[in-house]
Amino acid sequence: MISLFIYPFLGILLLSLIHCYFGLHVIKRGVIFADLALSQLAALGACVSVFLPFLPVMVPSLFFTALGAVLFTSFSFIKDKVQQEILIGIVYVISAALCMAIMSKSVLQHHQLSAMLVGDILMITPHALIKMLAIYAAIGLFHWFFRASFHQHSHWFFTFLFYATFGMVVTSSVSVVGILLVFAYLIIPAQFAQSFLHTFRHQLYLGTLVSVLTSVVGILMSIYLDLPTGSSIVCAFVLPLLSQLALKGLLRKP
1 MISLFIYPFL
11 GILLLSLIHC
21 YFGLHVIKRG
31 VIFADLALSQ
41 LAALGACVSV
51 FLPFLPVMVP
61 SLFFTALGAV
71 LFTSFSFIKD
81 KVQQEILIGI
91 VYVISAALCM
101 AIMSKSVLQH
111 HQLSAMLVGD
121 ILMITPHALI
131 KMLAIYAAIG
141 LFHWFFRASF
151 HQHSHWFFTF
161 LFYATFGMVV
171 TSSVSVVGIL
181 LVFAYLIIPA
191 QFAQSFLHTF
201 RHQLYLGTLV
211 SVLTSVVGIL
221 MSIYLDLPTG
231 SSIVCAFVLP
241 LLSQLALKGL
251 LRKP
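Using the working numbering, the first residue of the sequence shown is number 1, and each one after it goes up by one.
Because the hints were derived from the structure by calculation, they are not lab data. Heads up, some of the hints might be wrong.
[As the list claims (entries may be wrong)] Each pair of labels, with its calculated beta carbon distance range:
hint, residue 1, residue 2, range
1, V70, A101, 20 to 26 Å
2, G30, F54, 39 to 45 Å
3, L197, L10, 23 to 29 Å
4, L141, D226, 38 to 44 Å
5, Y205, A101, 39 to 45 Å
6, F77, Y224, 49 to 55 Å
7, M100, F145, 26 to 32 Å
8, K28, Q83, 15 to 21 Å
9, G140, F5, 23 to 29 Å
10, F157, Q83, 18 to 24 Å
A virtual CB, placed ideally from N, CA and C, is assigned to each residue, including glycine.
Go ahead and model the full structure; you've got the sequences and the hints to work with.
See below:
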């Protein structure tokens with residue numbers, strides 16, 4: 001029984017680490033919905049691939065996330081963060097509408113919508129795991145070598161590289177766990193860690209740990225309550241939020 005969960009657990013570990021890293025950067029940059037918009041663009045590419053059977057699904061997904069990287073880099077020149085979020089939100093809405101329009105022409109609408117939103121982490125294969133590891137490790141090393149430039153995020157070229165590599169991670173992740181889980185993995189653990197710790201490294205450690213533990217709780221919920229795994233994990237991420245509110249309340253008391 002335990003052997004059945006080895007690959008999903010390893011997948012969760014990889015997803016938690018890389019997404020918490022990017023989540024901390026996204027929160028620092030103040031573009032919270034960039035990850036949701038990039039996830040939706042990756043899903044749009046997957047939908048378009050239905051009409052391009054001669055291409056791997058990854059190709060149109062990468063194309064649309066690269067387009068998103070160009071757009072979000074151009075948005076970064078706008079000083080008003082609220083205006084940036086509005087434009088990113090517009091990109092998300094339009095790409096979501098296009099996905100729905102494309103899926104309306106498919107006979108597998110419900111299945112495609114479910115896979116696009118929450119995926120199925122329990123069905124991850126060794127091949128998919130190795131592919132994720134290769135992509136995440138390459139991007140992680142790239143960010144480590146240029147970590148000073150990515151933390152300063154002052155030059156437009158490194159802003160573009162940030163969104164481009166972010167888009168590659170999101171494209172890979174959406175195909176496994178869907179849009180909603182990608183958003184949960186990116187934002188909630190990072191936001192939890194930032195609330196209690198100040199150094200980036202410690203925030204990354206704590207956020208990754210919170211993400212892994214929450215995912216395990218979500219999987220157990222799905223088993224014992226007979227619920228879809230992806231949806232259960234997304235719902236389980238309410239626990240770090242409640243814990244954060246409770247701990248903050250306790251710390252404020254004299």
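Outcome of the hint check:
1. V70 x A101: 20 to 26 Å: Distance hint for V70, A101 holds at roughly 23 Å.
2. G30 x F54: 39 to 45 Å: 41 Å, holds
3. L197 x L10: 23 to 29 Å: 26 Å, holds
4. L141 x D226: 38 to 44 Å: 41 Å, holds
5. Y205 x A101: 39 to 45 Å: 42 Å, holds
6. F77 x Y224: 49 to 55 Å: Since the Cβ atoms of F77 and Y224 sit about 50 Å apart, the hinted range of 49 to 55 Å holds.
7. M100 x F145: 26 to 32 Å: 40 Å Cβ-Cβ, so the 26 to 32 Å window is violated.
8. K28 x Q83: 15 to 21 Å: 18 Å, holds
9. G140 x F5: 23 to 29 Å: 24 Å, holds
10. F157 x Q83: 18 to 24 Å: At roughly 22 Å between Cβ atoms, Q83 and F157 fall inside 18 to 24 Å, so the hint holds.
Consistency note: the structure conflicts with earlier hint 7 alone.
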